[in-house]
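Chemist: Taken in sequence, the protein lines are chains F and X.
Taking full-length UniProt numbering, the leading residue of the first sequence gets 1, the next gets one more, and so forth.
Taking full-length UniProt numbering, the leading residue of the second sequence gets 1, the next gets one more, and so forth.
Hints may contain errors.
Stated by the list, open to error - Only part of the chain X face toward chain F is listed, based on derived beta-carbon distances under 8 Å:
| id | residue |
| --- | --- |
| 1 | Val-16 |
| 2 | Ala-42 |
| 3 | Tyr-64 |
| 4 | Ser-66 |
| 5 | Met-82 |
| 6 | Arg-86 |
| 7 | Thr-110 |
| 8 | Arg-193 |
| 9 | Lys-195 |
| 10 | Val-196 |
Claimed, not checked - Pairs of lysine to any residue residues, derived as SDA-like cross-links and limited to a Cα-Cα distance of at most 20 Å, are as follows:
| id | chain 1 | residue 1 | chain 2 | residue 2 |
| --- | --- | --- | --- | --- |
| 11 | X | Lys-70 | F | Lys-535 |
| 12 | F | Lys-559 | X | Thr-108 |
| 13 | F | Lys-535 | X | Glu-190 |
| 14 | X | Lys-8 | F | Lys-378 |
| 15 | F | Lys-535 | X | Arg-147 |
| 16 | X | Lys-71 | F | Leu-251 |
| 17 | F | Lys-234 | F | Val-308 |
To be verified - Coverage of chain F stretches by chain X, computed from C-beta distances (three or more under 8 Å per stretch; other residues unrestricted):
| id | region |
| --- | --- |
| 18 | 181–195 |
| 19 | 242–248 |
| 20 | 307–320 |
| 21 | 354–363 |
| 22 | 554–566 |
FYI, nobody ran anything at the bench for these hints, they're computed from the structure.
All of these numbers come straight from a predicted model, not from anything done at the bench.
From the three backbone atoms N, C-alpha and C, an ideal C-beta is built for every residue, glycine too.
What follows is each chain in one-letter form.
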Amino acid sequence: MTMREYMLGNVAIARGLLEGGVQVIAGYPGTPSSEIIDTLAARKDRDYYVEWSVNEKVAMEVAVGAAWTGVRSVVTMKHVGLNVAADPFMTLAYAGTKGGLIVIAADDPSCHSSQNEQDTRRYAQFALVPCFDPATPQEAKDMLPYAFEFSEKFEVPVIFRPTTRISHGKSDIELGEIPVEKPAPSFEKLLDRWVMLPKNARPRHTHLLSIQQSIEDALAESPWNSLELKSDAKFGVIGAGIASVYAKEALVELGLEVSYLKIGTYPVPRKLILELLETVDTVLVFEELEPIVEEQVKMIAQEAGIEVSVLGKTNGFVPREGELNVSAFLETLKKTFDLETESETSGTSLELAPRPPALCAGCSHRATFYSMKKVFGKDAIYPSDIGCYTLGIQSGTVETTLCMGSSISVASGLYHAGEKRPICCSIGDSTFFHSGMNSLLNAIVNKANITVTILDNRITAMTGHQPNPGVGYTATGEPTVQVSLEKLCKAMGAEFVSVVDPYKLEETQEAFKAAKEFEGVSVVISRQPCVISGKRAGIRRAPYVVDPEKCEGCKQCVKFGCPAIEFNENNECAVITALCSGCGVCAQICKFDAIQEVKR
Amino acid sequence: MSPAEQNKLDLLITGVGGQGAILASDIIGKAAVTAGLPIRAAETHGMAQRGGSVVNHIRVGNDYGSMIPKKGADLLLALEPMEAVRYLDFLKDGGIVIMNTQPIIPVTVTSGLTKYPEVSDILDFLSEKYIVKAFNADDLAYEAGNRLAMNVVMVGAVSGYLPIPKETLLESVKALVPQKTIEVNLRAFEAGRQKVEES
Ligand code: SF4
Ligand code: SF4
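Could you build the full structure based on these sequences and the hints that come with them?
Modeler: Have a look at this one:
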């Protein structure tokens, strides 16, 4: 009997890696990819090595080292992580691998939790590396053992590109066997492969180009591409990755007799596309993000001299940005066949209050931002970075967010451009270790005059509380060195380094004042564990209450923005709800002494 | 309805990050697998989740993607009143809404930027087009022993509509809630189920 289990897409992906005999896994957390390593790290019976690396480039290099010993390795990240890892990745395509190497880069159409919507399939084209694009969590799991074998057969790394709905979709998954026997690592000194001197790189580029056709042919035969030709159908649909199931569902629902090609791998299966193009006069290409398949289909049609109209993103039939779904496919069909589109809104006259995500009740970042704003004021400039604290945008202290680690370098750029206003940037502990360190070093050496606030909540919080070099344990919970942020900053040459407890407003503001006065790079490390991981670690603080007798209704506490503080129905007095985590900051803000700790 | 159709149900769970929407959908998902039904679900993670509006799609008896098409859901389970209205475009006309009447006020309201609609207005509006079952699930959970069991009250409330036997759902509750809270959660489930059966 086969085993079925209900699991998250990322858990299914982790399972697929195990079924493929993975031996080394490295990555950097990033939504929607993080649970893959979380799952593998949490397993008790591990016969593989797994780590959270400090950034994606480092993780990629760890995986490469492993694959060069002949074992199967994986590097995980979100789409934008591949930008960080692009440097080793592009050259790895030339050098190739021995053991199978899978680069998992999870795309996030619609930017559910990201700063852009870039399409990883473009990187696959760019690097001339095959890419696997799963349509369902089940297929994602099943593809991985295949992808390892494929990578080994052609000695190239392969990309595996799940999207948010695969990674964070859940489904019943049919499980396969996990192999017990795995090869022993053995590094072979192939200097013409592993040393990318120009003399070696040139022939490797030629080699990479020469195997493209065989790669394409092998993929066309794989189970991830399939063509259903309907006799007499003049209309064809091509669906890629997850968009293929949306299209399929709509076609079945409508009972439409059209030919249908599902694509799950790149380079695209030219043979199958030609077969389809020869039988239809219109084809609609449905794919998320970039019009990659669409461009290929047009090229293939032109080269073969086939007259066919290709509908998709470039001519406005399918939206170029955002996520697709069944409804989007139906919309597209209506446009294609020029049918009336009815409005599908619920037609409510009710005004719904927006509910944007916000920093948690008692989050220390809110307190740090409050003090920062008090000291630096409205006139200052506040570059920030990527992490939970980006949600502090309501505090007025997040004015730039470009990419991981960029806050400090953007701040330096503002200063060197001649900006005279005070500049105070903020970066989380994990982001600092990821790539903020280089920026700080650069700022110090090049004599920027800025304040750098390291929001040290002792964890990588936004992606689900993964450890970083500051916490003292590894992905699997083993104790390790705990890197001191203050010593690190000092070692880089920072002359002003101050560590504060953001829950103590006065102390924090004093430190910010001194930092502002300091000529050069000043560093304020604002340290207080994340409220969620703190609670899990057993930190219990007494909640706070408002004394209605003393409350003057000035709303200073509400302006602070803690979700645990509301006003009563008559809007005259503050109340603190059960969400309160007892940080005590609002009590320091209230000028009327109306907020007090609940005595136990 | 064909037998296959009878085992099909598209369900949307809406609420606020932190209310336990994911656990609620996990209970249903795990039970569906035990009952031998295909199941697909999609949920909100990461940045969007913290205190923000969340929505889970659950498709029992479905072999395609996890996303319910617009006007495709048979049922909407709302853990919070305003969140019941936010995703109505997904519910089919005449569909069922099971709603917790206990509001959670967003920071945009407490800070005076916008207003929270009256819960009675929400109910009136919903009743025009849909079948509505509304009650305070927070109170029922409190009576069962713990306010945090509100999500399980709501699973109990929807249980009668699911193509999954009640016993299977209860097994799934036992397997997924913390050991110490099993009794409370089983009471919470029953309380929710009764509330809807009575109405
Ligand atoms: S003490 Fe005040 S600021 Fe801190 S969590 Fe409680 S209500 Fe929020
Ligand atoms: S700051 Fe103090 S006085 Fe002002 S509204 Fe809040 S509790 Fe009342």
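Chemist: Now, for every hint given, state plainly whether the structure supports it.
Modeler: Okay, the hints, checked on the actual structure:
1. Val-16: Status holds, d = 7 Å.
2. Ala-42: This hint holds: Ala-42/X lies near chain F, its Cβ roughly 5 Å from the closest one there, short of 8 Å.
3. Tyr-64: The hint holds - Tyr-64/X has a Cβ within 8 Å of chain F, the shortest such distance being about 4 Å.
4. Ser-66: 4 Å, holds
5. Met-82: It holds, given that the least Cβ distance between Met-82/X and chain F is near 6 Å, below 8 Å.
6. Arg-86: 6 Å, holds
7. Thr-110: At 5 Å from the nearest chain F Cβ, Thr-110/X passes the 8 Å test, so the hint holds.
8. Arg-193: 22 Å, violated
9. Lys-195: 23 Å, violated
10. Val-196: At 23 Å from the nearest chain F Cβ, Val-196/X fails the 8 Å test, so the hint is violated.
11. Lys-70/X <-> Lys-535/F: Not satisfied, since the Cα-Cα distance of roughly 39 Å exceeds 20 Å.
12. Lys-559/F <-> Thr-108/X: 11 Å, holds
13. Lys-535/F <-> Glu-190/X: 30 Å, violated
14. Lys-8/X <-> Lys-378/F: 56 Å, violated
15. Lys-535/F <-> Arg-147/X: 18 Å, holds
16. Lys-71/X <-> Leu-251/F: Judged against 20 Å, a Cα distance of about 17 Å means the pair holds.
17. Lys-234/F <-> Val-308/F: The hint holds at about 10 Å.
18. 181–195: Our answer is that it is violated, as 0 residues pass the Cβ test (under 8 Å) against chain X, missing three.
19. 242–248: Held - the region 242–248 of chain F has 4 residues with a Cβ nearer than 8 Å to chain X, which meets the minimum of three.
20. 307–320: Three-residue rule not met by the region 307–320 of chain F, so violated; n is 0.
21. 354–363: Coverage by chain X holds here, the residue count being 7 at a Cβ distance below 8 Å.
22. 554–566: holds (count 7)
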